[in-house]
Amino acid sequence: MKIWQFSEQAYHPAFPVPGAMRVTLPQHHCDPVLAGQLLNRYLDEYLLTDELGLDIMINEHHAAATCMSTSCMTTLAILARQTKQARLLALGIPLANRSNPLRVAEEIAMVDCLSGGRLEMGFVKGASYELFMSNRQPTGFMDRFWEAHDLILEALTNEGENFSWEGEHFHYRTVSMWPRPIQAPHPPVWMTASSANSARDYGKLGYVCATFLSGAVASSVFAGYREAYFQSFGKPAGLDRLAYLALVACAHNRDEAFRRAEKMKSYFTTAARVEPQHRNPWGFNPVEANVRALAAGPLAMRPRMRNGNPVPVDGSIEEYMDAGLMFVGTPDEVYEQLARFNIETGGFGNLLMMGQAGELDHAETVDNLTLVAREVAPRLAVLPEVPLDVRYEAVG
Amino acid sequence: MAAVRLDELDFGKLDMLDVRGTAVELFTAGSGAPLLYLHGMDGIEGAAPLLRELAKSFTVYAPSHPGFGASALPKGMNRADDLGYFYIDLLDALGLDRPAVAASSFGGWVALELLTKEPARASSLVLAAPLGLRTANRREQYVADIFTMSRQDLAKRLQASEPSEASNIFKMPEDRLRRTMRGDEALSLYGWTPYMHNPKLAMRLHRIACPTLVLWGSADALVTPAYREAFAIALPQAGHEEIAGAGHLIHADQPAALASRIAAFAAAPVAA
Numbered sequence: 051m052k053i054w055q056f057s058e059q060a061y062h063p064a065f066p067v068p069g070a071m072r073v074t075l076p077q078h079h080c081d082p083v084l085a086g087q088l089l090n091r092y093l094d095e096y097l098l099t100d101e102l103g104l105d106i107m108i109n110e111h112h113a114a115a116t117c118m119s120t121s122c123m124t125t126l127a128i129l130a131r132q133t134k135q136a137r138l139l140a141l142g143i144p145l146a147n148r149s150n151p152l153r154v155a156e157e158i159a160m161v162d163c164l165s166g167g168r169l170e171m172g173f174v175k176g177a178s179y180e181l182f183m184s185n186r187q188p189t190g191f192m193d194r195f196w197e198a199h200d201l202i203l204e205a206l207t208n209e210g211e212n213f214s215w216e217g218e219h220f221h222y223r224t225v226s227m228w229p230r231p232i233q234a235p236h237p238p239v240w241m242t243a244s245s246a247n248s249a250r251d252y253g254k255l256g257y258v259c260a261t262f263l264s265g266a267v268a269s270s271v272f273a274g275y276r277e278a279y280f281q282s283f284g285k286p287a288g289l290d291r292l293a294y295l296a297l298v299a300c301a302h303n304r305d306e307a308f309r310r311a312e313k314m315k316s317y318f319t320t321a322a323r324v325e326p327q328h329r330n331p332w333g334f335n336p337v338e339a340n341v342r343a344l345a346a347g348p349l350a351m352r353p354r355m356r357n358g359n360p361v362p363v364d365g366s367i368e369e370y371m372d373a374g375l376m377f378v379g380t381p382d383e384v385y386e387q388l389a390r391f392n393i394e395t396g397g398f399g400n401l402l403m404m405g406q407a408g409e410l411d412h413a414e415t416v417d418n419l420t421l422v423a424r425e426v427a428p429r430l431a432v433l434p435e436v437p438l439d440v441r442y443e444a445v446g
Numbered sequence: 002m003a004a005v006r007l008d009e010l011d012f013g014k015l016d017m018l019d020v021r022g023t024a025v026e027l028f029t030a031g032s033g034a035p036l037l038y039l040h041g042m043d044g045i046e047g048a049a050p051l052l053r054e055l056a057k058s059f060t061v062y063a064p065s066h067p068g069f070g071a072s073a074l075p076k077g078m079n080r081a082d083d084l085g086y087f088y089i090d091l092l093d094a095l096g097l098d099r100p101a102v103a104a105s106s107f108g109g110w111v112a113l114e115l116l117t118k119e120p121a122r123a124s125s126l127v128l129a130a131p132l133g134l135r136t137a138n139r140r141e142q143y144v145a146d147i148f149t150m151s152r153q154d155l156a157k158r159l160q161a162s163e164p165s166e167a168s169n170i171f172k173m174p175e176d177r178l179r180r181t182m183r184g185d186e187a188l189s190l191y192g193w194t195p196y197m198h199n200p201k202l203a204m205r206l207h208r209i210a211c212p213t214l215v216l217w218g219s220a221d222a223l224v225t226p227a228y229r230e231a232f233a234i235a236l237p238q239a240g241h242e243e244i245a246g247a248g249h250l251i252h253a254d255q256p257a258a259l260a261s262r263i264a265a266f267a268a269a270p271v272a273a
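Those sequence lines, one after another, are chains A and B. The opening position of the first sequence corresponds to residue 51 in my numbering, with each subsequent residue numbered one higher. The opening position of the second sequence corresponds to residue 2 in my numbering, with each subsequent residue numbered one higher.
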């Protein structure tokens, strides 16, 4: 298992502001000088990640105190030059919220070029509330996503003459990548899934499939992926095709690890702070999905603990650990928890690790990352394969 | 989608009509001169109290717009402008040459799209709290943004009277919920951006040739006075009146008063 370090790069000083942390939070709560200091601090932590031999993941959100990276590719443009060896994962670029996918392709090509071919390109649907900032049409969202995806791949892989594109949603007279990406045919593609059904779509294509903070659901996501991958390619999917995102708080002793986990937990409590009407813009989810969701009730989508109950948003560290959303303890304990979760989910090759989250400070983050890199990562790198029969027990 | 039984529309017939390959849900009721009713954000079921009154004076034709209710959404249809052309085809399919037309809110926008294209297809037009003109100018909003409100806030803002329990999505039976979710999706399709308007509409409104009356609820909390003023300027050929005790959903707050004004205007198309 490989580890990718990830931070949402929060502006945590705004967490005490009452109300939503997204969409409606006024920008006067942001001290831009402080924001700049924090952004530089997070970049320093990414540089340390590179030195420690871990890989790097970047995301983006908009109008949110919980995440100051407003463009994956802007952040990665810095890291492309300042890091030396880490793979650089954008997870991801919200394609259907972008008005100009050709620009997305250009940014990908440029960052891949700058980094010497270290970019991994994640294309995501993105959170529903981002529509209020992009103001792109909520209906037909995934049609637009796939057309943008097709165009970007054709642009990046084109070895012939420049071409034009007249699609349903996008229209270009000339498509031409200067520079073009180093990786051929193109940087690896990642996508995200929270159900077996969406994972199957990515399994068919052989893309890397990541699932975020989904706990027990990860096993069905991975099972759906493996099944579709096997049908498409006639061989089992490699572990490198699957990724799981969770928070990791590691320290020399358990008490300190739990103190760190408490500081990181504000990621969960602040990420959830968004007005209900912004969670589900009209036209974004299919009608039948809305009917099912309303019938199932608001707790249906919460991750579950081993006893089947949903994790409360303000749950305890133990509850978040029980649900597989946090891995907390000494290096030995973190390793054991991850090895167990790996078996429970049938095995995955990429841990997308939030080694910084919420209010975890710089010194603590440095220590957390260093411990994980030196004492956990080497053991995860040689995890025993999950036996196939165990892996397929997860199907269903 | 098959038409479902809608108890509040038990005074007429709910059928599916084929309009050039698109299955459209059509409610018909009453007798008398033909009247085409184009519904607002709350579908034909939301207009039931008004339609019951109108059916006393007219043969009422109340279709669900494509994408709403049980009406199919033809591929490629995504603008109110498309609905304008669609309703020309629907009038042809029904053999209606020049019905009276009444419309609410979003339906008012649709009626204007229809009649700017074929001005001769209505004998008279009553627009109850119409949308369709520019809903904002830079930072000044003329029509509050329904897509940024909670459902509770929106329900309160649309009506002067207390919203009915039947409109609470958390308490709806599944077939009703599906209709509501389809309606929300369709409103988003036609009205997300540019928000609830066609930037081309204002310069076409001079083509509205039939006698026209614009009505606003005296307590409409969705549109500002500036928006009413914009309609008065864009439709100088129309009458402009107010209905007392009504919010944006005039048909829900004052169905009888709205129906009698529609009937009187159709019979004698002059402003009061």
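Certain hints may be false.
Okay, the calculated beta carbon distance ranges per label pair [said to hold, decoys possible]:
hint, chain 1, residue 1, chain 2, residue 2, range
1, B, P226, A, G210, 55 to 61 angstroms
2, B, P226, A, T124, 41 to 47 angstroms
3, A, S149, B, D83, 18 to 24 angstroms
4, B, Q238, A, P82, 49 to 55 angstroms
5, B, Q238, A, G86, 54 to 60 angstroms
6, A, L349, B, D83, 24 to 30 angstroms
7, A, R329, B, S165, 49 to 55 angstroms
8, B, A222, A, G86, 38 to 44 angstroms
9, A, D290, B, M204, 22 to 28 angstroms
10, B, S151, A, D305, 21 to 27 angstroms
11, A, G69, B, R177, 39 to 45 angstroms
I should point out that these hints are in silico values taken from the structure, not numbers from a laboratory. A virtual CB, placed ideally from N, CA and C, is assigned to each residue, including glycine.
We went through each hint and held it up to the structure:
1. Distance hint check for P226/B and G210/A: the Cβ-Cβ separation is about 60 angstroms, which falls inside the suggested range of 55 to 61 angstroms.
2. Judged by the Cβ atoms, the range 41 to 47 angstroms given for P226/B and T124/A holds: they are separated by roughly 44 angstroms.
3. Taking the beta carbon of each, S149/A and D83/B are about 22 angstroms apart, inside 18 to 24 angstroms as hinted.
4. About 53 angstroms separates the C-beta atoms of Q238/B and P82/A, a value consistent with the hinted range of 49 to 55 angstroms.
5. In this structure the supplied range 54 to 60 angstroms holds for Q238/B paired with G86/A, their Cβ-Cβ distance being about 58 angstroms.
6. Distance hint check: the CB atoms of L349/A and D83/B are about 40 angstroms apart, inconsistent with the given range 24 to 30 angstroms.
7. Separated by about 25 angstroms at the C-beta atoms, R329/A and S165/B break the suggested range of 49 to 55 angstroms.
8. Range check, A222/B to G86/A: Cβ separation about 42 angstroms, and the 38 to 44 angstroms hint holds.
9. Range check, D290/A to M204/B: about 58 angstroms between beta-carbon atoms, so the 22 to 28 angstroms window is missed.
10. Our hint of 21 to 27 angstroms for S151/B and D305/A is violated, since their Cβ atoms are close to 42 angstroms apart.
11. Between G69/A and R177/B the CB atoms are about 32 angstroms apart, so this pair departs from the stated range of 39 to 45 angstroms.
When each numbered hint is compared with the structure, violations occur for hints 6, 7, 9, 10, 11.
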